[in-house]
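Engineer: Residue numbers (our numbering), protein chains in the order written: chain A, 231 to 339; chain B, 24 to 137.
Hints are computed from structural coordinates only; laboratory data are not their basis. Where hints are given, some of them may not hold.
Pulled from the structure, derived: some chain B residues nowhere near chain A, Cβ distances all over 10 Å [what the hints assert, rightly or not]: (1) LEU34; (2) LYS36; (3) SER50; (4) GLU75; (5) ARG90; (6) PHE92; (7) SER93; (8) ARG96; (9) LEU106; (10) LEU113; (11) ALA126; (12) LEU134.
Covered by chain A, per the in silico footprint, the following chain B stretches (three or more residues, Cβ under 8 Å) [to be verified]: (13) 63-72; (14) 127-133.
Using N, Cα and C, we set each Cβ at its ideal position, and we do this for glycine too.
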Amino acid sequence: DAKTTQPPSMDCAEGRAANLPCNHSTISGNEYVYWYRQIHSQGPQYIIHGLKNNETNEMASLIITEDRKSSTLILPHATLRDTAVYYCIVSGIRRQLTFGSGTQLTVLP
Amino acid sequence: KAGVTQTPRYLIKTRGQQVTLSCSPISGHRSVSWYQQTPGQGLQFLFEYFSETQRNKGNFPGRFSGRQFSNSRSEMNVSTLELGDSALYLCASSLSPVLNTEAFFGQGTRLTVV
Numbered sequence: 231d232a233k234t235t236q237p238p239s240m241d242c243a244e245g246r247a248a249n250l251p252c253n254h255s256t257i258s259g260n261e262y263v264y265w266y267r268q269i270h271s272q273g274p275q276y277i278i279h280g281l282k283n284n285e286t287n288e289m290a291s292l293i294i295t296e297d298r299k300s301s302t303l304i305l306p307h308a309t310l311r312d313t314a315v316y317y318c319i320v321s322g323i324r325r326q327l328t329f330g331s332g333t334q335l336t337v338l339p
Numbered sequence: 024k025a026g027v028t029q030t031p032r033y034l035i036k037t038r039g040q041q042v043t044l045s046c047s048p049i050s051g052h053r054s055v056s057w058y059q060q061t062p063g064q065g066l067q068f069l070f071e072y073f074s075e076t077q078r079n080k081g082n083f084p085g086r087f088s089g090r091q092f093s094n095s096r097s098e099m100n101v102s103t104l105e106l107g108d109s110a111l112y113l114c115a116s117s118l119s120p121v122l123n124t125e126a127f128f129g130q131g132t133r134l135t136v137v
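Using the sequences and the hints, build the whole thing.
Structural biologist: In structure tokens, the structure reads:
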């Protein structure tokens, strides 16, 4: 599975959009981009995933560049409860999720 | 519907003992994966089961094993426990290993080896 690169930490003001970047320059054609988050001491929570088109659900939007080498997770109106470690994962058909170190997002009041 | 259930939530064991952890997936989910999370190594994949067969295995010693039952419930076993096995063990379930759907994680079992 392709390796991902994320910034170790980011801050965001409450009520503002949080934009979390992820680089996955070695992604192959059949690999999806997944985003999970982990709030302290809980199991990871699925957020969204996509192949090449932008995706949106009730939690977030996922923007994937045309060359698929990077993506951005957007939380449109961040709240304090969105403070968590966010993991960007590229996974193929084998479905094994390889978690990196993720981005610690801190939403500030 | 009920989420992924892991039991027990907390466990304290002594070095050299063995331990069995249990995971009940979401109803209808047939794929169960196990992960180990430690502060130093992060989240690491242990193994995945589907239809009672192990499909994938991570880079862990043979002391770590698992199985899946016909009702999709899964257990993992760690024998001859070492201090370094202290970790949060997470189980995730999904519909099928060949569909790129989301995985749902349980709350985990916190194992402490003393």
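Engineer: Work down the list of hints and note, for each, if the structure agrees.
Structural biologist: Each hint, compared with the structure:
1. LEU34: The assertion about LEU34/B holds, with a minimum of 15 Å to chain A.
2. LYS36: 20 Å, holds
3. SER50: Per Cβ check, SER50/B is outside 10 Å of chain A; nearest 17 Å; holds.
4. GLU75: 17 Å, holds
5. ARG90: Correct as stated: the minimum Cβ-Cβ distance to chain A is 18 Å, above 10 Å.
6. PHE92: Correct as stated: the minimum Cβ-Cβ distance to chain A is 20 Å, above 10 Å.
7. SER93: 21 Å, holds
8. ARG96: 17 Å, holds
9. LEU106: 21 Å, holds
10. LEU113: At about 5 Å from chain A, LEU113/B fails to clear the 10 Å cut-off, so the statement is violated.
11. ALA126: 6 Å, violated
12. LEU134: With a cut-off of 10 Å, LEU134/B remains clear of chain A, as the shortest Cβ separation is near 14 Å.
13. 63-72: n = 5 at 8 Å, threshold three: holds.
14. 127-133: holds (count 5)
Consistency with the previously given hints fails for numbers 10, 11, ordered from lowest to highest.
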